[in-house]
Each structure stands twice: as structure tokens, then as C-alpha cells.
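J.: Below are the chains, spelled out letter by letter.
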Amino acid sequence: MPRFSLPSRQKRSFELLWPGLLSLVLIGTVLGLAFSGLFSQITDLNPLRFLNNSYLWRLTAFTFFQAIVSTALATLLAIPVARALSRRPQLPGRRLFLQLSSLSLIVPTIVGVFGIIAVHGRQGWVNQILGFFNSETNSYLYGLTGILIAHVFFNAPLLTRIFLETLESLPREYWRSTAQLGLSDRDIFRLIEWPGLRKILPASCGLVFLLCFTSFIIVLTLGGGPSTNTLEVAIYQALRFDFDIPKAATLAMTQLVFCFSILLLGRKFIRRMPLSQTEERQIRRFDADKPCAKIIDTLALLLMALLVLPPLLATVWKAITPRFFTTLSESRLWDAALTSLAVSLSAGMLSLLLALGLALTLRSLYLPSRLGGESYAGILSATLDFSGSLILLLPPFVLATGLFITLKNSSGLSLLAPLLVVTINALMALPFVLRLLAPAFEAAAQKSDLLCNSLDIRGLNRLRLIDWPQNRKSVGLALGLAVALSTGDLSVIALFGTQDFATLPLYMYQKMGSYRFEDAAVVAFVLCLQSLGLFIVIERLVSGKTIRPFSRTQHQTSERVSHGI
Amino acid sequence: MVSEHKDRPSQPISRTGLILDQVKFSYGNDNSPLTFNLVVAPGELVAITGPSGVGKSTLLNLISGFETPLSGELRFNSDDLLPLPPAQRPVTTLFQEHNLFAHLTVEDNIGLGLHPGLRLSLSDHREIQAALASVSLEGLNKRYPAELSGGQRQRVALARCLVRHRPILLLDEPFSALDPALREEMLSLVRSLHDENSLLTLMVTHLPSDAEKIADRVVQL
Chain A
0 MPRFSLPSRQ KRSFELLWPG LLSLVLIGTV LGLAFSGLFS QITDLNPLRF LNNSYLWRLT
60 AFTFFQAIVS TALATLLAIP VARALSRRPQ LPGRRLFLQL SSLSLIVPTI VGVFGIIAVH
120 GRQGWVNQIL GFFNSETNSY LYGLTGILIA HVFFNAPLLT RIFLETLESL PREYWRSTAQ
180 LGLSDRDIFR LIEWPGLRKI LPASCGLVFL LCFTSFIIVL TLGGGPSTNT LEVAIYQALR
240 FDFDIPKAAT LAMTQLVFCF SILLLGRKFI RRMPLSQTEE RQIRRFDADK PCAKIIDTLA
300 LLLMALLVLP PLLATVWKAI TPRFFTTLSE SRLWDAALTS LAVSLSAGML SLLLALGLAL
360 TLRSLYLPSR LGGESYAGIL SATLDFSGSL ILLLPPFVLA TGLFITLKNS SGLSLLAPLL
420 VVTINALMAL PFVLRLLAPA FEAAAQKSDL LCNSLDIRGL NRLRLIDWPQ NRKSVGLALG
480 LAVALSTGDL SVIALFGTQD FATLPLYMYQ KMGSYRFEDA AVVAFVLCLQ SLGLFIVIER
540 LVSGKTIRPF SRTQHQTSER VSHGI
Chain B
0 MVSEHKDRPS QPISRTGLIL DQVKFSYGND NSPLTFNLVV APGELVAITG PSGVGKSTLL
60 NLISGFETPL SGELRFNSDD LLPLPPAQRP VTTLFQEHNL FAHLTVEDNI GLGLHPGLRL
120 SLSDHREIQA ALASVSLEGL NKRYPAELSG GQRQRVALAR CLVRHRPILL LDEPFSALDP
180 ALREEMLSLV RSLHDENSLL TLMVTHLPSD AEKIADRVVQ L
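Sequence lines, in order, name chains A and B.
Residues in the first sequence are numbered from 0 upward in steps of one, following numbering that gives the first Met the number 0.
Residues in the second sequence are numbered from 0 upward in steps of one, following numbering that gives the first Met the number 0.
Think of the hints as simulated: they come from the structure by calculation, not from any bench.
Just so you know, even glycine gets a beta-carbon here, dropped at the ideal spot from N, CA and C.
Incorrect hints may have been included.
Said to hold, decoys possible - The following label-pair restraints were derived from C-beta to C-beta distances:
no., chain 1, residue 1, chain 2, residue 2, range
1, B, PRO84, A, LYS198, 28 to 34 Å
2, A, ARG471, B, ALA180, 26 to 32 Å
3, A, GLY27, B, HIS114, 55 to 61 Å
4, A, PRO201, B, ALA40, 42 to 48 Å
5, A, LEU75, B, ALA86, 57 to 63 Å
6, B, SER175, A, PRO201, 45 to 51 Å
7, A, ALA381, B, SER197, 56 to 62 Å
To be verified - To list a few chain B residues with every Cβ distance to chain A over 12 Å, as calculated:
no., residue
8, ASP20
9, VAL53
10, GLN87
11, GLN128
12, ALA129
13, GLY138
14, ASP178
15, SER208
As the list claims (entries may be wrong) - Which residues of chain B face chain A? A partial, calculated answer using Cβ under 7 Å:
no., residue
16, PHE24
17, TYR26
18, PRO85
19, ALA86
20, HIS97
21, LEU111
22, HIS114
23, PRO115
24, GLY116
25, SER191
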């Protein structure tokens, strides 16, 4: 059919749909390749085989066990800390804590693990203090304790932020009413705060549970032995050390089945995740001065501080070493830094493009003035949205395993490895990027869509004149975050990394593996610098702000729209 | 009887009722502090009007203890209110919105006025029924605030104010969000509850018509 005879409505629908469909097809292709690889290696799909396999059984049981305990501990710590912060808006250091807790997404996991080892390890600060008092020093870190410490270290601040945001979203009149009615501390928690928190508890705890369930670096470095292995680490070992692809595929499928069941149980996963500082709402609560409130709050804050602060301090402290400049002058460090730069920038861009496609089409599907009224709008928007968050369920190794199996014969491995690392890193950042972009695009379109329609501004013109100026702040934040996440990632690269193809986190892990902790401390320093630096520079450049990393004034408007993931 | 912003009470009158004497308050910015002088006799229903930003709500917040003044005296029947926390002041407040906790039923929301831990006796439950009847909402015990209209929600909040048996009732633009007919109805309800329970009532409103409709006296801030 010649183009001009197409009905304009169909043509217009296509114009609005193709970006999202293209992203969907790309994501679908990657997933399809991965799954065809996995299925080709599983000869026996009999579920009873799983029940008979005691190794798999123990592995799964421990994976569940550590994830449940980690989530429970993080939640139990986060709730009292969030309460304390909520009723003490003037607390010194409050702002710093909140900034640090959103940084925990950007600070590479391996760096956090390094700090934990520096504090809790055999020669760590805790044992040094114990030794000073002639107490018996012991090594308690490696094994379940270490895994739990690290999981709580990373997730309790994240949960605290989510809980705090929930508490702060309660109307100001609530606190006035509770004060006037004379509710006790216990009653305020039981009758007011808990019902509020309970609503977001399944989603936020579900997210943390998944993060712990699929956690890799932490279990790999702190796990300590076969008895404390998780599925994720077992997949890695099967691939990296045993070259046992069928075993890895079986493990990956097991992992996948459980992750999907968790999703089906939890259904709605958290749509909002606090990333950067939100505006500070000065809500005065009247229950801060009661004695029991003071005691509980002090204890909670102290516990959180003891958990979170020493590893961070240790990371900085350990970098100041005589070997600082020697390590800095190693050429392999700079090779790794450059590789990291290339990988993270490519992955970040890819992730951003995929998310942009999804977000552009998603917004058209939501707006009644565009495609919102079409019969397929609901299903298609749900599909697009889900495809963006799918990677939260698919552990990177599962994908990597599948892709590796499918592609291993098709081309040289030297080219394949970077390609896989970039692709999977991009997919790993996608849920975060999409959660930043989609709401911002929707909000902006709602404001200007009718006007654009009436002036017939569309296609590239609309992108250039309307969408870009309206959304560049969220785009900057999203790209900065994606690049920072990829910079710090140590998952797929651990599988495919070689001497010649190593990123900074892998290089650091290799240093730690050969017990060169002084060197590792310097690498950690460079890695943090690179990750944070890239985040700040990209965010400012793309957002069109002048680069002033430590000014804090200009942030407000963009993040109010888009601070949620 | 004094309403002026800056001057002292013109006549030292009886020691009963609510007295604000040179109560100064500042939000901590550079603006000069607000000063409040006001005497309200027991049984009086006073409407407070004035342009926005003049401190109408601040006045109520000072009386109920949600804000702390820089200086001045706040007395009720010769008791000094300033050292008391909000819960121990002889005051109950009706806000413009969010008076009710959205996750609690009507019954529980009112019950909180009787026992702050919701441990309610049989007679408490009877009192809740009576309070609901007095605002003409019998039978809505198990509803949630979201299932009520705006006017009904404010009635439930009024019922909670009643079961607390506090002598001072503060209303902070309580019906501004309601349509005119409903507002009129609510105003006469307030007037009759005020009379039945012999309350001392202060109502902040930005509508002069509301003020004139039910108030014994209108204070222009």
C-alpha cells in the first residue's frame, strides 16, 4: 500500500509506538538468546530430580535462609532509625546520613565489602580494639555473620530512606492530633506509624529480599566456604572453575523459578526508590522529647552508626598508605580504569536509549489524548513496564550463562566478552533508569500534550523543542546513575574478565584475592572517585547545570518530580 | 474585650475564660514577631478573621501548644497553659483536613478521643454512639474516612472533639473545603454543640459571612 493512502490514525499510532516496540524487541532478543541457550543445556526437566539432589537442596535452603534473615535484620534496624529521624528533623548529621544512604547505590559493592573487612576482618579494627584490652581476638567475619553484616550494611540505610519517606508523607495534622489526644510512644507506633509502614513493607522488603537472594560479591568474598554458598555464587563457580555448563544451567533455572515465584507472591514491586535528597519537609512532631522515645532513638541511631560509619571511614583511612603512589603508577590500574570507563559509558548509553524508547511510548499509552483510549493500551503499557524491570528477577549470571552458551560458537570470545558485559550491565541499570524517566516523561507530557497537539508539534521537533528541555534533568540523573552503577558492577565481568579485559572492580577483587589489601585500598579509592565523579559530571553536563559538585542549591526541582524509582 | 494586635488588653477583666497577654511568636525569620492579645469569656463563640499570613492559625496553634511563644502569658481560668504539653491542655482542635486517621474506622477515630491506646470499655462505646448521634451520623461506626463525604468526615471529627470533654474548642477553617449549603449546616451544628456543651469556641475563618452567621463576636486580626 502506498504510504500516502495509509489512514492517518494508524500512521500516527505507529509514530508513537515504534520507540517502545524497538526497545521491547531488543530486550526480547537478548532474553530469547539467553533462554534458548539455557534450555538447550537442560536435558532433564523432571522437577523430582531437584528434590533428590541434596546439593541443590542445601544450596537453595541456605540462599533462602540468608536472604530472609538479612531482610529481617535490615527491616528491624531500619524501622526504629526511620522513626528517630522522622521525629528529629534537626538532628545533627541527619542530612549527611540521608545522602550517604542514597549513595549506597552508587558506591560500588566491592568497596563496601572492603570497608567491612577492614573493620570486622581478622586484622580489623574490632579485633585490634579487643586485642588492646587483651581480650581474645577471633575471626567472626567469614561465613553467615559476614554475609549478614554486609547485607544489613547495604540495605538498612536504603530501607530507612523508604520508611522515612513514608512517615514524612503522613499529614502534619496527624502529629498534631496524636499530640493533642495524648498517644503514648507505643500507641503512636501501633496505631499511626505501623499502619502506614505496613503498606509499603511487602514491596520494599520484597526488593531487599531479592537483592539479598541474588547477591553475588558479598557472598563470594565473605561467604567463606561451600556451606555458605548461594545459588548465584554456585552458578559463577560452575561456569568459571568447573566449566560445567549443564550444571550452571540447572542452577540458573532453579534460581529463575524461585525469583519468579517471589515476584508472583509479592506481585507489585516497589515503584519508588529514594535516590537523591528529597526536599526537606520540616514537620514538627511532639513525641521526640519523651524519655522512652529518647532512649529508643539513641539506641537505634547508635546501632546504625556503628554499623555504617566504621567501614566507610576505614575505606578512606586505608587508602592513605605509603604504597599510594606506587599503586597509582601501575599501568594495569589505568588500563582497568579505562576499560571501566568504556564499559560504563557504553552500558549507560545503551540503558538510556532502551529506557527512552520505553518511556516515550509508555507516556503515549497513558495519555487519553493519544493512545490511552486504545484497547491494547493497558496490556502494552504493562508489558513495556515489566520488560524494563525484568532484570530485577533475572540474575545477571542467568542471562550471561544463557547468552554465553548461545553465542560461544558464533564469534571470537575476545569480542564476545565486552559485548556481553556491556549488554548485561545496560539491562541491569534499566529498571533504575526507567523508574527515573517514565514518571518524569508522563508528568511533563500531561502538562504540554494538548498544547503540542493543537500546534501540531510532533516527531523530532517535539523531541527537540519540548521533550528535551522539559526532561533533560531526569535524563541527566538517569544516565549518571546508569554509568555509576555499571562502573561499580562486579558480576558478569567476574565471569568473562581476563588479564587483558579487567574493569576496576575486578582488578580490585584480584588484589583482594591475592591478599594485597594496601593496593586494594588504593584501587577502592580510585574506583569510588571514578564512580562518583562520573555520576556528578554526567548528571550536571546533561542537565545543563554548571559543574559545581558540592553546591546543593540547584537540585530541588528535578528531583521532586523524579526522585522515585 | 480586645482584639487589637499590638495593644495590651484595654481593661483587666475577670480571671475566668481564655486570656492571651502579649504573646509573641516568630517563625524564626527576619520578620518582626507577631503579638497576640485576646480575652475570651467562658461560653463565648468568637470568630477570628483577617487576611492570610496575619497569624490566624498561629494563634490557634499557640493555644493548643503546637507552637511555642517567645514570651507572654496564656491562661485559662487562671491556670497557666504554657508549661503544659498539647495533650494536657483543656483544648480540642478541628483542623481543615486530615482530622481523621485514614486507616482507622469512624469508631476508632472517635475512640482515640476517649482512650489514646484504643482500649475502650462498654461505656466508652456507648459514648461513641451518643456522639455519633449528636452529629447525626448513627450507624456509620465501621466506615473508613475514605468512604465518607467531606462534610461527614468533619462531623466525625467534631464527634471526637465532643467525647474529649475539653472546655475549649478550636476550629481552624474547618469548613472552607465544603460547598456553601453544607457549610451553613455545619456552622449551625457547631453553634448548637457549642451551646449544649457550654464550650468556649474560637473559629478561624477567611469568610466574613461565616463569622457573622454564628459568632458572638468577630475579631479582626
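J.: Taking the hints in turn, state whether each one holds.
T.: Tested hints:
no. : hint                            : in the structure
1   : B/PRO84 - A/LYS198: 28 to 34 Å  : holds, 30 Å
2   : A/ARG471 - B/ALA180: 26 to 32 Å : violated, 49 Å
3   : A/GLY27 - B/HIS114: 55 to 61 Å  : holds, 58 Å
4   : A/PRO201 - B/ALA40: 42 to 48 Å  : violated, 55 Å
5   : A/LEU75 - B/ALA86: 57 to 63 Å   : violated, 29 Å
6   : B/SER175 - A/PRO201: 45 to 51 Å : violated, 37 Å
7   : A/ALA381 - B/SER197: 56 to 62 Å : holds, 60 Å
8   : ASP20                           : holds, 23 Å
9   : VAL53                           : holds, 20 Å
10  : GLN87                           : violated, 7 Å
11  : GLN128                          : holds, 20 Å
12  : ALA129                          : holds, 19 Å
13  : GLY138                          : holds, 24 Å
14  : ASP178                          : holds, 22 Å
15  : SER208                          : holds, 25 Å
16  : PHE24                           : violated, 14 Å
17  : TYR26                           : violated, 11 Å
18  : PRO85                           : holds, 4 Å
19  : ALA86                           : holds, 3 Å
20  : HIS97                           : holds, 4 Å
21  : LEU111                          : holds, 5 Å
22  : HIS114                          : violated, 9 Å
23  : PRO115                          : holds, 4 Å
24  : GLY116                          : holds, 5 Å
25  : SER191                          : violated, 23 Å
Checked against the numbered hints given earlier, the structure breaks hints 2, 4, 5, 6, 10, 16, 17, 22, 25 and satisfies all the rest.
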